[in-house]
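Protein chains: 2
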Amino acid sequence: MIKKYVEENKDRMLEELFSLIRIPSVSAQTAHKEDMVRCAERWKELLLQAGVDKAEVMPSKGNPMVYAERMVDPKAKTVLVYGHYDVMPAEPFELWKTEPFEPVIKDGHIWARGADDDKGQSFMQAKAFEYLNKHNLLKHNMKFIFEGEEEIGSGSLGPFIEEHKDLLKCDVILVSDTGIISPDVPSITTGLRGLSYWQIEVTGPDHDLHSGTFGGAVANPINVLCKLIADVTGPDGKIRIPGFYDDVEEASDEERKLVASIPFNEEEYKKSIGVKALFGEEGYSTIERTGYRPSFDVCGIWGGYTGDGAKTVIPSKAYAKISSRLVPHQDHNKISQLVVDYFNRVAPDTVTVKVEKHHGGYGYVCPIDFPAYKAAERGFETVFGKRPLPVRIGGSIPIISTFEKLLGAKSVLMGFGLESNAIHSPNENMPVDLWLKGIETIINFHLEYDKEA
Amino acid sequence: MIKKYVEENKDRMLEELFSLIRIPSVSAQTAHKEDMVRCAERWKELLLQAGVDKAEVMPSKGNPMVYAERMVDPKAKTVLVYGHYDVMPAEPFELWKTEPFEPVIKDGHIWARGADDDKGQSFMQAKAFEYLNKHNLLKHNMKFIFEGEEEIGSGSLGPFIEEHKDLLKCDVILVSDTGIISPDVPSITTGLRGLSYWQIEVTGPDHDLHSGTFGGAVANPINVLCKLIADVTGPDGKIRIPGFYDDVEEASDEERKLVASIPFNEEEYKKSIGVKALFGEEGYSTIERTGYRPSFDVCGIWGGYTGDGAKTVIPSKAYAKISSRLVPHQDHNKISQLVVDYFNRVAPDTVTVKVEKHHGGYGYVCPIDFPAYKAAERGFETVFGKRPLPVRIGGSIPIISTFEKLLGAKSVLMGFGLESNAIHSPNENMPVDLWLKGIETIINFHLEYDKEA
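Taken in order, these protein sequences are the chains called G and E. No gaps in the numbering here: position 319 of the first sequence is 319 in UniProt numbering, and each next residue is one more. No gaps in the numbering here: position 381 of the second sequence is 381 in UniProt numbering, and each next residue is one more.
These are calculated hints, taken from the structure and not from any lab test. Please read these numbers as outputs of a predicted model, since none were measured by experiment. Treat the hints with care, since some could be wrong.
If you anchor each label on the Cβ, the simulated ranges turn out as follows [as the list claims (entries may be wrong)]:
no. : chain 1 : residue 1 : chain 2 : residue 2 : range
1   : G       : Gln337    : E       : Arg345    : 35 to 45 Å
2   : G       : Ser19     : E       : His210    : 47 to 57 Å
3   : G       : His210    : E       : Lys106    : 24 to 34 Å
4   : G       : Thr30     : E       : Pro89     : 46 to 56 Å
5   : E       : Tyr269    : G       : Pro92     : 53 to 63 Å
6   : G       : Gln337    : E       : Tyr269    : 32 to 42 Å
7   : G       : His210    : E       : Tyr245    : 43 to 53 Å
8   : G       : His210    : E       : Ile262    : 11 to 21 Å
9   : E       : Leu278    : G       : Glu254    : 53 to 63 Å
Coverage of chain G stretches by chain E, computed from C-beta distances (three or more under 8 Å per stretch; other residues unrestricted) [unchecked claim]:
no. : region
10  : 149-162
11  : 226-236
12  : 268-282
13  : 286-299
14  : 348-358
15  : 393-404
16  : 429-441
In this text, a Cβ means the ideal position worked out from N, Cα and C, and glycines have one as well.
I would like the entire structure built from these sequences, with the hints used as guidance.
Okay, structure coming up:
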């Protein structure tokens, strides 16, 4: 019945999606300021058509927010759907085979900017809701919040949530803005890493020195900086700063088993980044290293003479930018301070070391025994015929941890993107059958969620 | 008698020197191209006046050379005097209290560009020769070679020597282009360090990676570079590259005792460069570390994001420029290759390390039991009343080792400059009494040299 509905309504639903895609809501380009408002207004209309009780375009300190709700029972649970209506710039235009803002269906794919990220995906959520609402199957309340600044850092969303905590109150947040491994290997993103970032400045002599006159008698700040950095990581790939791993949660045996079954071709992986050998923490697989374990990477380093040829100098200063990806339950504030204290403690008295904390961000994890996760899992199983694998991705989506912090609710990251969908690139696309399967899967999530709740 | 002569001829000798100084022979500035030739011609006249048999302005691939000789006995020893007639630019002019190219005597000092470096000093050599020649005291032959490119790297001198080995044949080279510790603590420069210079490039992935997606699974080339550099120097300040010290000559007990008597105020030294503590190889004093021991300094390092704020990236590449000051008898070619081999050997297979040799230079040492050194020592003792201290300076004067290599002759660095003479800076100067003492000391050197020879 679900399958039949989506098949029968396919053309209408696609035409509705296309009306969103045709508005070039590029948040990074001020020329599209008015398109942002038009796109938000269009979303409002589409949500009303889908059956919400009310929908509003609400002001924020940046681009407007689209809020909508369908309250079936004040005492029932509430699912909040989050998505974003802004898209990445389409440049370089000349690499597109079709017009980026004029969606085309060809070879079974929708071709357009936003076909996946995130108009295509977030519209699946609206259409799943439409089905449930139309067929009186909704046993829980639903809210929608769509922002227009995700591609430029979600700067207005945090303050907006802070200001509208009651309005956005919910039991779980549902997000379709991530991907699956493949249609044959469905997966759910269960974790995102947090982040700490530092800048370190090492000062030796108070002015650059002649490396002949002074070389050998004075600590060189670059040499010292290299030593400070090198000492952090052991030959076993472990971070040797005392206390660094204290709050790192080890994955359960069940989860490690599932992770081990994620298809991974090391040769392909190495080839794709052009390295001869991988390096990481001993005792963990590559997937675990990026998803379940913290990292310590120098993102930038500079000091002394960096021009052509040779200049013999002992520079006064050397700098590095360093970041750690953090995992549950590492607190970025605690880790940031831990590292500052560590460098100050081990700095030799031959130099002055100044460590400055930059921004940080919380990681996120959705336990695989969390009821809403179980509902998502069964939703996938019903439609894809396979239990989805839990995947923790190495990057950060700071807004997910902001939701958890401000609303006290976990997110379930039910995304349906494929790597070949080319988000952020020319020729972004979405297979139509996958898009329809996504709608079906989300419908099943809601049905399963009511059983769990 | 010597003292009387220099006192009586002081005004004339100064006026002759001034005629050289008034020609602005700035080798770094092409506007002074003709001044270089005029200055060389003037030197020729002055040398002929001083009593040489012949003097010539000879072409080189750059500025002309001035060559002169006084052959008293083909079977006798020959002393070759080396100096340079070019000077540093006088800019910034506004900081000069007098005109840089119009010498003035004030407060007992000559004030002018070149008053010390090297017109003032090399002219002492000419006037010492004049005395000896006029009084029939010269028992050995004398040759003079003055170049016009010392301040821009002596690029033409090497090929000139190569081409005129017979003409420049000598037993010892005498150079007045260095300094003494103070008039109360006379000293002779006995050593210069050699140099090796490398650029190292570490390549990890073949393109920059997202530090979230890949952090923890891939060797970061900056982290690796830091480790490669940090591992070279031990906590005892020793360079841990196998074989690095193999050819380093240890100073004799006698020399170490003399070195220990060189006045050195550690607090003043630290204050002058703005450090809280010094660092260097265990078991050696600061003076020994810069004069008698090799160094390993990173002169520049760069890689990844170095702009404002934070960017989370694992860069594809990281670079460093590294130099070692070398001491006798370290061969810079051998050491350069040793370090290249070392880095290639210890590089982990997670990255590609490319080490490129830049230029290198030989060090120089004048043993303190070398006859000509002894003559210089006694020359100083006679005039200054104290045995001069041997001082090895940390920097390099490549031409001195070139002389040794091409002519097979040692140099005696009998310089008379003071730090307060401000060479290369505005208000360069030379105390007149020190200038006269220098002439006397050189005369005594020649007299002592004949006893030694």
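Hint check results:
no.: 1; hint: Gln337(G) <-> Arg345(E): 35 to 45 Å; result: holds (39 Å)
no.: 2; hint: Ser19(G) <-> His210(E): 47 to 57 Å; result: violated (33 Å)
no.: 3; hint: His210(G) <-> Lys106(E): 24 to 34 Å; result: holds (30 Å)
no.: 4; hint: Thr30(G) <-> Pro89(E): 46 to 56 Å; result: holds (50 Å)
no.: 5; hint: Tyr269(E) <-> Pro92(G): 53 to 63 Å; result: holds (58 Å)
no.: 6; hint: Gln337(G) <-> Tyr269(E): 32 to 42 Å; result: holds (36 Å)
no.: 7; hint: His210(G) <-> Tyr245(E): 43 to 53 Å; result: violated (23 Å)
no.: 8; hint: His210(G) <-> Ile262(E): 11 to 21 Å; result: holds (19 Å)
no.: 9; hint: Leu278(E) <-> Glu254(G): 53 to 63 Å; result: holds (58 Å)
no.: 10; hint: 149-162; result: violated (count 0)
no.: 11; hint: 226-236; result: holds (count 6)
no.: 12; hint: 268-282; result: holds (count 9)
no.: 13; hint: 286-299; result: holds (count 10)
no.: 14; hint: 348-358; result: holds (count 6)
no.: 15; hint: 393-404; result: holds (count 4)
no.: 16; hint: 429-441; result: violated (count 0)
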